[in-house]
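Asks: Given next are the chains, with one letter for each unit.
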Amino acid sequence: MSDIPIKLEGVWKIFGTRAEEAMAAVRSEGLSKNEVLARFGAVIGIADVSFDVHWGEIFCIMGLSGSGKSTLIRHINRLIEPTAGRVEVLGRDVTRLSEPELRAMRSQKIGMVFQHMALLPHRSVRDNVAYPLEIRGAPKGRRWEISQHVLSLVGLDGFEDRFPDEISGGMQQRVGLARALASDPDVLLMDEPFSALDPLIRRQLQDQFKALSEQLHKTTLFITHDLDEAIRLGTRIAIMKDGRIVQIGTPVDIVTNPADDYVRDFVRNISRLKLVFAHAIMEPLTSDSAEKFAQSPRVSQDSDLDHLVDVAITTPHPLVITNAEGKDIGVVSKDRLLRGIQGGK
Amino acid sequence: MPANRTQGATGNAPSIDLTPSITEFVGARAAFYVGRFKLLLAGQNRWRVNWAALIFGPLWAAARGIWAFFWLFAILELVAWVQVGRGIWGDLGADKLAEAARLQAKSDQLMAEAARGDTNAELLVESAGNLARAAENARAASEAGEASTTTYLLVGLLLLGLFKLMEGLWADRVYERQYTRWRVDKRVPSGFNLYRLAGGCALLLLVFSLTLYRFTVSQPDQRIVSVPVPSTYHTHTANLIEDYLDRTARAGAGLFNSIAGGTEAVLNAIEAVFVETSWPVIVIFFLLAAWRLAGGRVAIFTGAALAYMGILGLWEKSMLTLALVSSAAVFCVLMGIPLGVWCARSSRVYAVVRPVLDMMQTMPAFVYLIPIIAFFGTGKVPGILATIAFSMPPVIRLTALGLAQVPKDVVEAARAFGATQWQLMTGVELPLAAPTIMTGVNQTILMCLSMVVIASLIGARGLGQEVLVALQFVAKGQGILAGLAILCCAMVLDRIVQGRFRRGDGA
Numbered sequence: 000m001s002d003i004p005i006k007l008e009g010v011w012k013i014f015g016t017r018a019e020e021a022m023a024a025v026r027s028e029g030l031s032k033n034e035v036l037a038r039f040g041a042v043i044g045i046a047d048v049s050f051d052v053h054w055g056e057i058f059c060i061m062g063l064s065g066s067g068k069s070t071l072i073r074h075i076n077r078l079i080e081p082t083a084g085r086v087e088v089l090g091r092d093v094t095r096l097s098e099p100e101l102r103a104m105r106s107q108k109i110g111m112v113f114q115h116m117a118l119l120p121h122r123s124v125r126d127n128v129a130y131p132l133e134i135r136g137a138p139k140g141r142r143w144e145i146s147q148h149v150l151s152l153v154g155l156d157g158f159e160d161r162f163p164d165e166i167s168g169g170m171q172q173r174v175g176l177a178r179a180l181a182s183d184p185d186v187l188l189m190d191e192p193f194s195a196l197d198p199l200i201r202r203q204l205q206d207q208f209k210a211l212s213e214q215l216h217k218t219t220l221f222i223t224h225d226l227d228e229a230i231r232l233g234t235r236i237a238i239m240k241d242g243r244i245v246q247i248g249t250p251v252d253i254v255t256n257p258a259d260d261y262v263r264d265f266v267r268n269i270s271r272l273k274l275v276f277a278h279a280i281m282e283p284l285t286s287d288s289a290e291k292f293a294q295s296p297r298v299s300q301d302s303d304l305d306h307l308v309d310v311a312i313t314t315p316h317p318l319v320i321t322n323a324e325g326k327d328i329g330v331v332s333k334d335r336l337l338r339g340i341q342g343g344k
Numbered sequence: 000m001p002a003n004r005t006q007g008a009t010g011n012a013p014s015i016d017l018t019p020s021i022t023e024f025v026g027a028r029a030a031f032y033v034g035r036f037k038l039l040l041a042g043q044n045r046w047r048v049n050w051a052a053l054i055f056g057p058l059w060a061a062a063r064g065i066w067a068f069f070w071l072f073a074i075l076e077l078v079a080w081v082q083v084g085r086g087i088w089g090d091l092g093a094d095k096l097a098e099a100a101r102l103q104a105k106s107d108q109l110m111a112e113a114a115r116g117d118t119n120a121e122l123l124v125e126s127a128g129n130l131a132r133a134a135e136n137a138r139a140a141s142e143a144g145e146a147s148t149t150t151y152l153l154v155g156l157l158l159l160g161l162f163k164l165m166e167g168l169w170a171d172r173v174y175e176r177q178y179t180r181w182r183v184d185k186r187v188p189s190g191f192n193l194y195r196l197a198g199g200c201a202l203l204l205l206v207f208s209l210t211l212y213r214f215t216v217s218q219p220d221q222r223i224v225s226v227p228v229p230s231t232y233h234t235h236t237a238n239l240i241e242d243y244l245d246r247t248a249r250a251g252a253g254l255f256n257s258i259a260g261g262t263e264a265v266l267n268a269i270e271a272v273f274v275e276t277s278w279p280v281i282v283i284f285f286l287l288a289a290w291r292l293a294g295g296r297v298a299i300f301t302g303a304a305l306a307y308m309g310i311l312g313l314w315e316k317s318m319l320t321l322a323l324v325s326s327a328a329v330f331c332v333l334m335g336i337p338l339g340v341w342c343a344r345s346s347r348v349y350a351v352v353r354p355v356l357d358m359m360q361t362m363p364a365f366v367y368l369i370p371i372i373a374f375f376g377t378g379k380v381p382g383i384l385a386t387i388a389f390s391m392p393p394v395i396r397l398t399a400l401g402l403a404q405v406p407k408d409v410v411e412a413a414r415a416f417g418a419t420q421w422q423l424m425t426g427v428e429l430p431l432a433a434p435t436i437m438t439g440v441n442q443t444i445l446m447c448l449s450m451v452v453i454a455s456l457i458g459a460r461g462l463g464q465e466v467l468v469a470l471q472f473v474a475k476g477q478g479i480l481a482g483l484a485i486l487c488c489a490m491v492l493d494r495i496v497q498g499r500f501r502r503g504d505g506a
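Chains as they are written, first to last, in numbering that gives the first Met the number 0: chain X, 0 to 344; chain E, 0 to 506.
FYI, nobody ran anything at the bench for these hints, they're computed from the structure. Don't take every hint at face value.
In silico DMTMM-like links for lysine to aspartate or glutamate, alpha-carbon gap of 20 Å or less [to be verified]:
| hint | chain 1 | residue 1 | chain 2 | residue 2 |
| --- | --- | --- | --- | --- |
| 1 | X | K108 | E | E411 |
| 2 | E | K407 | X | D92 |
| 3 | X | K32 | X | E56 |
Far from chain E, by Cβ distances over 10 Å, these chain X residues were calculated [to be verified]:
| hint | residue |
| --- | --- |
| 4 | A103 |
| 5 | R105 |
| 6 | Q107 |
| 7 | Q114 |
| 8 | Q147 |
| 9 | G154 |
| 10 | D183 |
| 11 | D185 |
| 12 | L272 |
| 13 | A279 |
| 14 | P296 |
| 15 | T314 |
| 16 | K333 |
Only a predicted model underlies this, so the values are computations on that prediction, with no experimental measurement involved. Cβ atoms here follow ideal geometry from the backbone N, Cα and C, with glycine treated the same way.
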């Protein structure tokens, strides 16, 4: 097995009949998106995207509609061919696979979940889940066993013999997830799977998916337009804008260190309570001031702001932050705490 | 209370000055139209005469670019002017007078021959008398025609005055409506335009002069009555087509014979099943099929329809018809569905096939018989071939439509799980398109039935032949019985096929 399950290197996608020409011009002259549209009538979908996804992580790609995220995810299983660049999945360059090899990879190694579920309306829930296995030619008994098993993983026992239009949207998407898991793929592609659901169900499915993902240890590429969702689920997040990746980082990185104004704008309304930790906002403690804080409660440097608030409301004194050895290293006043929650104005 | 609030919001709306925009729209004589439009906009709906429109009528409309007004009143005025023209210059009795003179001459000639002592003089005198009476009638008609010229003139003038009045009264309102349209769409004609006026004049001159000439002169030039081309054009072209068809028929005799042979084999087999199976078996089969596929009510209806055919002695003919229709439908489906799939796959193929389908559906059904007779002669096989050609378009069209309507995301999902083209089509696309395809099959079956009578013209047997014979001998009762039997066949097949796919949809 390769070290990196998904690896993209310099991937470009240009739509239009003159895509190749436009690509050459972009390479040699560095044209902008609008110039390419004006000169070649071609639209840049993906511009020079490179990233690695590690084993077992949930890699979120966040962007607004039209940013190219749905186009990007379709390059992983080559539903869309890149104009330039390399797409490596499990150590193999998918752009060079033959048709049968590509089909084998799609049906055995990659599972996909779609925004609008895309279930087959004329098949029962069980037969929908078993569809990837059927394509591989698995015998019916085996198909039924596996679909029963994955349906119980997503909590849909007892719904096997219903039709998709007889169950709720949330359940349908769980069927979609079960279908993607049925062939036990190494890689999961999730294209805005929870966007079409109402907030309560969405939250519920996010939690369920997160637990399942930890349990099954799949490598997941997760597309979303909702930064909250990306932060809740993502091991790392890539922010996309106009086909380019603006920033890649952990949720904490993104929230505390936005790369540019575009990202900062997104992050502004994200609650920092669970993402920022005491050491990030404390004032270093000078040795001579130690006396002043004898009355102060002691809090570990790894506590998040949420916990600091809980402690701060029980005492009139500032909080003293301790390191792993229990030594006092810093102090957080109430003013500082409030500013920290705000995002350090 | 809410009413008061509304008044508060709109009561003191400031007035807007439309003068500049109306002036821009109207062009020449702006001040007049600004006044008129403002009266209309203020809700003063009294009818006011627009003298320019009243006098110049269509020409005023042409200059102002109100083409609907132009055409309407050009045609109405033309009708009036033709009446006036006939009243003034018309030689209304001339035709009859000429006829009277001809008849009289003939009669005189016969009388002269009789006087010379011909052998059958009596007969000659009698027919001479007849001719003289006819001549007298013609003369009387001619005089009546002369007398009616005054009436024509009066009616014409009255109509003309009425139309003129309508033009004058209506013009402002029509023009104001054009202004409202012009405000949102600046391509709507505006202003007073001399080119348009010249165009309108030329059109009116041409149309009026030719029409007045045609209707008022008693012997107009033949070139304006019928298109001046030699009749050989028609015969030559017809001969060319005929030669071509004959040559093709000779050259392709092998192909046509094998098509006919294959079709005949299938038709004979199906006919044997329907006709030679004893009737209780057929009845049981149909009742069971109707009950299982479409439910109890359809089964009862089917029983009644079959009873009608059996009791009124139309059983064998009905079975022949059902055999013909089923084999035509089977061929249509076998060829139409793959063709429809191909059309859905390739937009280029569909671009070629679509105009052909349009032509096949627009062409009058009888025309199908001509090439069929040329290539296959007459008999039941050509009958079924004509039926197939006539009935295939819906199944092709609706198969292509059904496949095009399969949701893109479902197809994408199937591809994402590694489906091959074949798996995609059989497992996803065709099942999802099935209801639409079945609608096509249903329509095809009904079109086959509608072709039954026409196909019997070239020798197809069954109920169609019965109707045809009834038509020839004006046997009304027999014809209606056979027609109702065709209706029964159609409704039974329609109910069973539709019931099939409605149920297939749900379960």
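Asks: Are the hints correct? Go through all of them and say.
Replies: Status of each hint after checking the structure:
Straight-line distance between C-alpha atoms of K108 of chain X and E411 of chain E comes to about 17 Å, which keeps the hinted pair within the 20 Å bound. About 27 Å separates the Cα atoms of K407 of chain E and D92 of chain X, which puts this hinted pair outside 20 Å; it is violated. Between K32 of chain X and E56 of chain X the CA atoms are separated by roughly 32 Å; this puts the pair beyond 20 Å, and the hint is violated. The Cβ of A103 of chain X sits about 7 Å from the closest Cβ of chain E, inside the 10 Å cut-off, so the non-interface label is violated.
Against chain E, the non-interface label of R105 of chain X is violated: not every CB pair exceeds 10 Å, the least being about 4 Å. With a closest Cβ-Cβ approach of about 8 Å to chain E, Q107 of chain X is found to fall inside the 10 Å limit, against its non-interface label. Distance check for Q114 of chain X against chain E: the nearest CB is about 8 Å away, which does not clear 10 Å, and the non-interface claim fails. For Q147 of chain X, the condition that its CB be more than 10 Å from all CB atoms of chain E holds, with the nearest at approximately 19 Å.
With 10 Å as the threshold on Cβ separation, the claim that G154 of chain X sits away from chain E holds: the shortest Cβ distance comes to roughly 22 Å. For D183 of chain X, the requirement that its beta carbon stay farther than 10 Å from each beta carbon of chain E is met, with the minimum near 13 Å. At roughly 14 Å, the least C-beta separation between D185 of chain X and chain E is larger than 10 Å, which holds for a residue marked as non-interface. Residue placement check: L272 of chain X keeps its beta carbon more than 10 Å from all beta carbons of chain E (closest about 37 Å).
Under the 10 Å C-beta cut-off, the non-interface status given to A279 of chain X relative to chain E holds; the minimum distance is some 41 Å. Even its closest Cβ contact with chain E, about 54 Å, leaves P296 of chain X beyond 10 Å, as expected for a residue assigned away from the interface. At roughly 56 Å from the closest C-beta of chain E, the C-beta of T314 of chain X stays outside 10 Å, upholding its exclusion from the interface. For K333 of chain X, the condition that its CB be more than 10 Å from all CB atoms of chain E holds, with the nearest at approximately 51 Å.
Of the hints listed earlier, those the structure fails to meet are numbers 2, 3, 4, 5, 6 and 7, in rising order.
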